[in-house]
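Q: Order-wise, the sequence lines are chains L and G.
Going by this note's numbering, the first residue of the first sequence is number 1, and it counts up by one from there.
Going by this note's numbering, the first residue of the second sequence is number 1, and it counts up by one from there.
Do not rely on the hints blindly, as some may be mistaken.
Distance condition first, Cα-Cα at most 25 Å in a straight line; then the derived SDA-like pairs of lysine to any residue [as the list claims (entries may be wrong)]:
#1 Lys184(G) / Ala80(L)
#2 Lys98(L) / Lys167(G)
#3 Lys102(G) / Asp7(L)
#4 Lys102(G) / Tyr19(L)
A few chain G residues that face chain L, going by a derived Cβ cut-off under 7 Å, partial list only [unchecked claim]:
#5 Leu19
#6 Thr98
#7 Lys102
#8 Ala168
#9 Thr172
#10 Ala179
#11 Gly181
#12 Val182
#13 Asn186
For the record, the hints were derived by calculation from the structure and aren't laboratory data.
For every residue, glycine included, the Cβ atom is placed at its ideal position computed from N, Cα and C.
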Amino acid sequence: MVTVEKDFIIRTKNVDFFYGAFRALSGITMNFEKNKVTALIGPSGCGKSTLLRLLNRMNDLIDGTRVEGEILFEGRNIYAPEVDPVEIRQRIGMVFQKPNPFPKSIFNNMTYAPKLAGIRDSGEINALVEESLKQAVLWDEVKDILAKSAMTLSGGQQQRLCIARALAMKPDVILMDEPTSALDPISTAKIEELIDTLKKHYTIIIVTHNMQQAARISEYTGFFYLGKVIEFNGTEKIFTNPDMKQTEDYITGRFG
Amino acid sequence: MNGKTFESSMRSRYFKQRLFFGAVRLSALVITLALLGILAYILDNGFRAVTWEFITQPPTDSMTKGGIMPAIVGTLYLTVGAILVALPLGVVSAIFLTEYAKQGALTRIIRIGVNCLAGVPSVVFGLFGLGFFVVFLKFGSSILAGALTLGILILPTIIGAAEEALKAVPQTFREASLALGVSKWNTIFRIVLPSALPGILTGAILGVGRAAGETAPIMFTAAAFFTAVLPKSIFDEVMALPYHIYVLATAGTHIEETRPLQYGTVLVLIALVLGIDLIAIIMRSMFRRNKRW
Numbered sequence: 001m002v003t004v005e006k007d008f009i010i011r012t013k014n015v016d017f018f019y020g021a022f023r024a025l026s027g028i029t030m031n032f033e034k035n036k037v038t039a040l041i042g043p044s045g046c047g048k049s050t051l052l053r054l055l056n057r058m059n060d061l062i063d064g065t066r067v068e069g070e071i072l073f074e075g076r077n078i079y080a081p082e083v084d085p086v087e088i089r090q091r092i093g094m095v096f097q098k099p100n101p102f103p104k105s106i107f108n109n110m111t112y113a114p115k116l117a118g119i120r121d122s123g124e125i126n127a128l129v130e131e132s133l134k135q136a137v138l139w140d141e142v143k144d145i146l147a148k149s150a151m152t153l154s155g156g157q158q159q160r161l162c163i164a165r166a167l168a169m170k171p172d173v174i175l176m177d178e179p180t181s182a183l184d185p186i187s188t189a190k191i192e193e194l195i196d197t198l199k200k201h202y203t204i205i206i207v208t209h210n211m212q213q214a215a216r217i218s219e220y221t222g223f224f225y226l227g228k229v230i231e232f233n234g235t236e237k238i239f240t241n242p243d244m245k246q247t248e249d250y251i252t253g254r255f256g
Numbered sequence: 001m002n003g004k005t006f007e008s009s010m011r012s013r014y015f016k017q018r019l020f021f022g023a024v025r026l027s028a029l030v031i032t033l034a035l036l037g038i039l040a041y042i043l044d045n046g047f048r049a050v051t052w053e054f055i056t057q058p059p060t061d062s063m064t065k066g067g068i069m070p071a072i073v074g075t076l077y078l079t080v081g082a083i084l085v086a087l088p089l090g091v092v093s094a095i096f097l098t099e100y101a102k103q104g105a106l107t108r109i110i111r112i113g114v115n116c117l118a119g120v121p122s123v124v125f126g127l128f129g130l131g132f133f134v135v136f137l138k139f140g141s142s143i144l145a146g147a148l149t150l151g152i153l154i155l156p157t158i159i160g161a162a163e164e165a166l167k168a169v170p171q172t173f174r175e176a177s178l179a180l181g182v183s184k185w186n187t188i189f190r191i192v193l194p195s196a197l198p199g200i201l202t203g204a205i206l207g208v209g210r211a212a213g214e215t216a217p218i219m220f221t222a223a224a225f226f227t228a229v230l231p232k233s234i235f236d237e238v239m240a241l242p243y244h245i246y247v248l249a250t251a252g253t254h255i256e257e258t259r260p261l262q263y264g265t266v267l268v269l270i271a272l273v274l275g276i277d278l279i280a281i282i283m284r285s286m287f288r289r290n291k292r293w
């Protein structure tokens, strides 16, 4: 068998994670390939969202947590003491389960983070807003109402705004934590289409409860159970011929 | 269960419900009536005294005639000064307690301290202000010393309200901002604080009412028995409405004759507090617009 050298943008090495004394993840070793979609699946409480939030240091916000092992982003351990989590989060964006636009105008939602990151020129800002909204396939719907509050948009539009807002920081990786679980089927379909076009330029890691979604949109799938990776492989392999019995039981709906 | 016992148990539950709702309505009514009663009484006794001359002239004839203008100005200075002291300090403390400090022994001790401060009698603040600001820091009896003393007095109110307001800001706002690679400071300053502003202003409103009405903290630190001139600097003594009422009602030589002046002064004090509150309420509703989540 010929192995082609793959370009892994994020690697986790033997990662353990604790909430206080509770061990939420143990021995997670995974490589995430650049410009591909990787789906993380598994029953509630299996640790898939916890791992996702470790990748951009969002778990730092919770008191009393502890990480062991290494998470390498482009070869650099993001938990090394000299690393600034703010810089990591600029390069690794995140979209949450429930759309969470700021109570500001659509335009200001888009410009908030880029301005603070130092982009001052208004021509550059306007171009960035338009480009990012187009990438998120929202531009045509909002171009005439940019001054309106983002809270007036529908749930699906809000979520695409959140994606556009993350894109405006020009990240390398986008983490998505069940981004469609609060949306209706039509909005969900739009987001899935969007993910498919975004992977040309971005690496996407998505947590989902919806196994059909994982099968539709991802190249790789990792199955989590009780804080461990049971199986991590090509999506097609996982869904047609998994190596582990637990994986097969889960995807065929026998538990979970 | 047969039909009859069911019906009778329903009836007894309806009866209990009526009894309970009745009690709730009654207590609401008692509170409202008490407030309206006080207002009506003061209005009835005070409104004849409140003339244009009353609010624009200084007292004359050993404070048995004339107006209360220096006391109005003094109370305004003291109240605004107290807010200027307490609001920044209180908001910063609340930000520290809710956003930065690790929840544990330290924050518990600080919160206990703040709550104890809220329970300290106001005359103790007055004595502290006298000892520390007036004597030790040599501010003398002055607007500065009085505003600082009142500021400390209302600090627990402001900290409490600001903490509640900050806690009420959805965690998802913080996460959204941090996940965009925005620093914690900018997240607090640009997202969390603006969202918490209406609640913080509510605390400020409560503080204004308290600071404007207190007598004990200012009688040793800022309030003059009588002065016809307006203060020229923050190191000058001022007359103040609550202290003026106290003086007219207890320490004057013509207590009975000045009753109308006393009621008039009370009325002006209430109007002043309501006026300042009204400004804060208008500001709050302006901030609240566009801040729905």
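Q: Now look at each hint and say whether the structure bears it out.
A: Quick rundown of the hints versus the structure:
Only pairs whose Cα atoms come within 25 Å are accepted, and Lys184(G) paired with Ala80(L) is accepted, the gap being roughly 19 Å. Proposed proximity of Lys98(L) and Lys167(G) is supported: the alpha carbons are some 19 Å apart, at most 25 Å. For the hint linking Lys102(G) to Asp7(L), the alpha-carbon distance of about 40 Å lies beyond 25 Å, and the restraint is violated. The straight-line distance between the Cα atoms of Lys102(G) and Tyr19(L) is roughly 15 Å, inside the 25 Å bound, and the hint therefore holds.
Annotation: Leu19(G) was flagged as interfacial toward chain L, and the flag is violated, the nearest CB pair being 43 Å apart, outside 7 Å. Checking Thr98(G) against chain L: minimum C-beta separation of about 13 Å lies over 7 Å; hint violated. Annotation: Lys102(G) was flagged as interfacial toward chain L, and the flag holds, the nearest CB pair being 6 Å apart, inside 7 Å. The restraint placing Ala168(G) at the interface with chain L is violated, with a minimum CB-CB distance near 13 Å, outside the 7 Å limit.
About 4 Å separates the beta-carbon of Thr172(G) from the nearest beta-carbon of chain L, less than 7 Å, and the hint is met. Look at Ala179(G): its Cβ gets to within about 4 Å of chain L, closer than 7 Å, so that hint holds up. Because the closest C-beta pair between Gly181(G) and chain L is about 3 Å apart, less than 7 Å, the hint holds. A least Cβ separation of about 5 Å between Val182(G) and chain L falls short of the 7 Å threshold, and the interface hint therefore holds.
Taken as an interface hint, Asn186(G) checks out: its beta carbon lies about 5 Å from the nearest beta carbon of chain L, inside 7 Å.
Checked against the numbered hints given earlier, this structure breaks hints 3, 5, 6 and 8; the rest are met.
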